[in-house]
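K.L.:
Chains as they are written, first to last, in the numbering used here: chain W, 1 to 300; chain B, 1 to 349.
Any given hint might turn out to be false.
[As the list claims (entries may be wrong)] Which stretches of chain W does chain B cover? Using the computed rule of at least three CB atoms under 8 Å from a CB of chain B, they are: (1) 205-212; (2) 249-256.
[Stated by the list, open to error] Pairs of lysine-lysine, DSSO-like flavour, derived with a Cα cap of 27 Å: (3) W:Lys208 <-> B:Lys285; (4) W:Lys208 <-> B:Lys139; (5) W:Lys194 <-> B:Lys311.
Rather than coming from a laboratory, the hints here were simulated on the basis of the structure.
Here the structure is a predicted model, which means the values were calculated and not measured.
Ideal Cβ positions, reconstructed from N, Cα and C, are used throughout, including at glycine.
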Amino acid sequence: METILNWLTKFPALDRESLRDIKKAIDSSFRDFSREFGESLETFFEPLLWFLVGLEKLLLATPWPIIIIIIAGLAWLGSRSIKIVVGAVISFLLIGFFGMWDDTMSTLAIISVSTLVCISLGIPLGILMARSNRMQSLVTPILDIMQTIPAFVYLIPVVMLLGIGKVPGLIAVCIYAIPPVVRLTNLGIRLVDKEALEAANAFGATYKQRLFGVQIPLALPNIFAGINQTIMMALSMVVITSMIGVAGLGVPVLRSISNQYLALGLMNGLAIVALAIIFDRVSQSYGKRLQKHRVGEQHD
Amino acid sequence: MTDLKIKIENLYKVFGANPQSMLKHIEQGISKKDMLEKHGHVLALNAINIDIPARGISVIMGLSGSGKSTLIRHINRLIEPTSGKVIIDGENILSMKKKQLLDFRRYKASMVFQNFGLHVHRTVAENAAYGLIIQGKSKNEAKKLSQKWIERVGLGGFEDHYPSQLSGGMQQRVGLARALATDAEILLMDEAFSALDPLIRTDMQDVLLDLQEELHKTIVFITHDLDEALRLGDRIAILRDGAVIQQGNPQDIIMQPANDYIADFIQDINRGRVLRIKTLMTKGKTVAGPNLVQHRTLEDALTEVASSENKACNVTDNKGEVLGSITLDQIISGLVRVKLESNTETRYH
Ligand SMILES: Nc1ncnc2c1ncn2[C@@H]1O[C@H](COP(=O)(O)OP(=O)(O)OP(=O)(O)O)[C@@H](O)[C@H]1O
Ligand SMILES: [Mg+2]
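Isolated chain W (complex conformation) (with noise of 0.2 Å):
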């Protein structure tokens, strides 16, 4: 009687013993298998690193005056919009009168790459998601873990592998990020109405002239989205991989914390809430001026 009590009140957990010898085997392995790859895997990485820096640097070497033109023009390519361009051009000479450019630079070395990278690797995982079902289910769980796994326990292995730096942290900010294109990248694609893509088989068109001239042109306005999403997240994760030594706009949120400066926290969590809305509003009115046909003036 008391044996079935016991056994209920307290789950019957492994004991202490077995535990940790799971973990330590799991561990071991793990470390084995970096130290045996570690040093590959970081040559492979290293043009990402080159171009990341080498960003970086040209970033930080190109006076004000002319980023700013540069940004200025950027707004105004993608949204057509003067509010947006003064919006922009004022948000970055507020950042850069309260001292914060050069970390502002920083990320966006880093948020420009790492937008790189999810989609050049993200629009063709999407192609691929809307070319077969067997396909998609498989890519989608994985996603869905990508997203919902909280970042520090996918930094531990990454760490683990790569050291602490600039590339653990482009790859933390990938993983977290990429899922939006690749979702709406498949999703655009099977969106694509029926008849316009039939009406393209049926005049004798091959999987590419379908894929290149009906189904990515008709998805671009939901890839678009899915961009911008990435966008968001990937800055997002800013304050995230400065713990893991990646320059920016986190560093400075980070030290307030410990150290409990208000001031410095706020003004750089500004700074990032700033190049968010400029993201976003930029890519956004992009994104709607890519479907303006879909819109159309009625005809005269």
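Mind docking chain B with the ligands on chain W? Use the hints.
P.N.:
For chain B with the ligands alone, kept in the frame of chain W given last:
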């Protein structure tokens, strides 16, 4: 006139997890309903045999779900059959390799869709040139060749518009121009005018008949609308639950419906406007009376026959050669509907 262009032979199509396994049930003559209820498969096409002559409009008619879209998509193999043959110009297209099939679709058969199937990111000019671009023609050449068809369907001046800026009727004109531009001999039209308002639909039918007079393509036209079928069709095949229940020329179908279902179907048409005097005339017999050309409708001929002395007229071919004659009584009996077998009969809908 009657060269065979497309021959559909013993065609079956089953949708479901394992279509081939259903063939043995089909051999035992299972009905569409039973296959769905007992085996969870859809028998979309059942023993289809249709001969489609060259250079005419062949209409395939049936109610929703009867298998029309499935059938027409077998002709350019957008859908693979479960068994059977589709022979076009003597070649079974089901044995074509991928490249051959692509070329067949590029050069030999083009298609017009119910909801137009236009590419909304392309302008009218780009849509019309699409088939030519797929054929591998240069942008300039494609544009030049398709321009003629844009004008021919009455869209000159709208080249730079996007489909969303056009009305439904105009959008389908783009669909038509795109299909005509590739110069394919076969034109497949799946309920091409069904999404249009009645007036515009009649307009488009006129456009098609006009074009056909000059182009003589082999047109397969799908519709669920009897009036449209009678207006356009040189031949009509009626589809029900995936099977052809009658095919032939429209006059024969109206005069001799194969069963109650068809009789029921045609009972509300205006026979006076559809039936032609040639269909009802007595061959070889001549009368003392005026001559009428064979393709006049009963309604059209009625007053002349009624006011003639003998209440009868001669029927001539287009050159004036007498073929036979028709009496007022014949016209009147032609105007009366075929009686349905019984009044308490089951209605098919
Ligand atoms: N991909 C598919 N999978 C399963 N069943 C299908 C599929 N396509 C068509 N069917 C079924 O096959 C039958 C014929 O469909 P089809 O679309 O050819 O009819 P239709 O005559 O064109 O009808 P509508 O007038 O509604 O267009 C229907 O019962 C339909 O439910
Ligand atoms: Mg249909």
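K.L.:
Against this structure, judge whether each hint is valid.
P.N.:
Going through the hints against the structure:
1. Given a C-beta distance limit of less than 8 Å, the hint that chain B covers the region 205-212 of chain W holds, as 3 residues qualify and 3 suffice.
2. Counting residues of the region 249-256 of chain W whose CB falls under 8 Å from any CB of chain B gives 0; the rule of at least 3 is not met.
3. Using a Cα cut-off of 27 Å, the hinted pair W:Lys208 and B:Lys285 is violated, with the two alpha carbons roughly 65 Å apart.
4. For the suggested pair W:Lys208 and B:Lys139, the alpha carbons sit about 18 Å apart, so the restraint of at most 27 Å is met.
5. A C-alpha spacing of about 58 Å is found between W:Lys194 and B:Lys311, which places the hinted pair above 27 Å, so the restraint is violated.
Going down the numbered hints, you'll see the structure goes against 2, 3, 5, while the others check out.
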